[in-house]
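J.: For chain A, the structure is supplied; the task is to place chain B on it using the hints.
Single-letter residue listing:
Protein chains: 2
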Amino acid sequence: MVDVGVAADLEAVPGLLPRKIAPGTADFTQGPAMTRDQAMAALVTGAEVARDRVAAGNRCLVTGDMGIANTTASAALICSFTGTDPADATGRGTGIDAATYARKIEVVCRGLDRHHPDPADPVGVLAAFGGFEHAALAGFILGAAALRVPVILDGVIAGAAALAAVALAPDAVAACFAGHRSAEPGHAVTLGYLGLRPLVDLGLRLGEGTGALLALPLVQSAARALRDVATFDSAGVAEKN
Amino acid sequence: MVDVGVAADLEAVPGLLPRKIAPGTADFTQGPAMTRDQAMAALVTGAEVARDRVAAGNRCLVTGDMGIANTTASAALICSFTGTDPADATGRGTGIDAATYARKIEVVCRGLDRHHPDPADPVGVLAAFGGFEHAALAGFILGAAALRVPVILDGVIAGAAALAAVALAPDAVAACFAGHRSAEPGHAVTLGYLGLRPLVDLGLRLGEGTGALLALPLVQSAARALRDVATFDSAGVAEKN
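Chains as they are written, first to last, in our numbering: chain A, 1 to 241; chain B, 1 to 241.
It should be emphasised that the hints constitute simulated quantities derived from the structure, not laboratory data. All figures in this text were calculated on a predicted structure; none of them were measured in a lab. We treat Cβ as the ideally placed atom computed from N, Cα and C, and that holds for glycine. Possibly wrong hints are sitting among the right ones.
A partial selection of chain A residues facing chain B, derived with a Cβ cut-off under 10 Å [to be verified]: (1) 196; (2) 197; (3) 202; (4) 209; (5) 213; (6) 216; (7) 217; (8) 228; (9) 231.
Next up, chain A with everything else stripped away, as it sits in the complex (with noise of 0.2 Å):
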């Protein structure tokens, strides 16, 4: 668990690394949500994730994130990198009623509006809308890519994170694997986008890595598969006629 903007001071904890670029970033209808040296910080924090985790012996990597509010952010990002009208992207994430859902995309409209995102900059994308969480999973992603190791993406928020860093390197696609796909409209708006088909769709909305996570025994299989499963040649099977 990486804090890269919780809007607290938190405390020391086993398995919490501090990271944190600042506390929360800020209202993207006012101004950009950070600056650019901080999405710079934040894409190169995820990288760092993804180098040590490797590095420790980690064979393919699993998105997750915790944020709040972060469907809003994701579906500006979304709309920024694929042109889709916000109400196709956005959804009702936690369960809005209709009147804060018209609100929400009311939301993203105005983001849009302010920043006018160039998809060709992807960095200010990210600054304009970004939570932290956003930075720092293109990063990771980023970084597994680099490193060709694969990695598994979670919901909305992995997918809105993988179209910034295949914004910033298109090979790095290569790498992902869409855990599954989640009932936010977005997502599925994402995975077209890229050309990833999810490995598991079961009306999922939960985010924090448990859609990937229910898909990385799916991965290990087919890995396993290529790798240990005789084929009719190495096991001697007649072909059929």
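T.: Structure of chain B alone, referenced to chain A:
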């Protein structure tokens, strides 16, 4: 692994239960594939295997099967129990060509014409068309359900067996999880008829329990989430407004 009807003598090897009913079934276009007594014996064998597996401490059972040409028998069973047209329930199995596929459909039609299967007589339907594996799997499912142990079904062969099990004891469906949806068209028909949603849907068509095993970690995760994960109440998290 249970030998209920391999058409050859098998050496004793660890892990192989010798429970052969007969060395192979008969051609269902010429007569019933097995006698009613043989169908009953295979059903009982499957139920006994489930009972023994549960007695050994297993709390979730998984089906698997090996059999030659058993997608043809499965198609005939699926048509018998669901009333589906043979063209919609018959698939290409191991990848047969168009002419063989047409002949496969025609074989299923001839079997149905010959036996006039009555879905209200599930043992008769199994005897008419079944492989021994279908009857044994149906018994296995009934044995698991009777002991209130969940059973994860593999693909189209297990699905055809589940139709027989559920025809015998409708409540047995409550014990069944559809591990995956196979590429065989009869399997989608079967899952729809049983009202089961597949946990994995990756276009697999291998059989031998592979699809069910892929779903096992998902079922285990769901059980752990229900049992071990804190609720908002238990963790003292404030409800949202």
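J.: Indicate, hint by hint, whether the structure satisfies it.
T.: Here's how the hints hold up against the structure:
{"no.": "1", "hint": "196", "verdict": "violated (13 Å)"}
{"no.": "2", "hint": "197", "verdict": "holds (8 Å)"}
{"no.": "3", "hint": "202", "verdict": "holds (7 Å)"}
{"no.": "4", "hint": "209", "verdict": "violated (12 Å)"}
{"no.": "5", "hint": "213", "verdict": "holds (8 Å)"}
{"no.": "6", "hint": "216", "verdict": "holds (8 Å)"}
{"no.": "7", "hint": "217", "verdict": "holds (4 Å)"}
{"no.": "8", "hint": "228", "verdict": "violated (13 Å)"}
{"no.": "9", "hint": "231", "verdict": "violated (13 Å)"}
Hint violations for this structure: numbers 1, 4, 8 and 9, all remaining hints satisfied.
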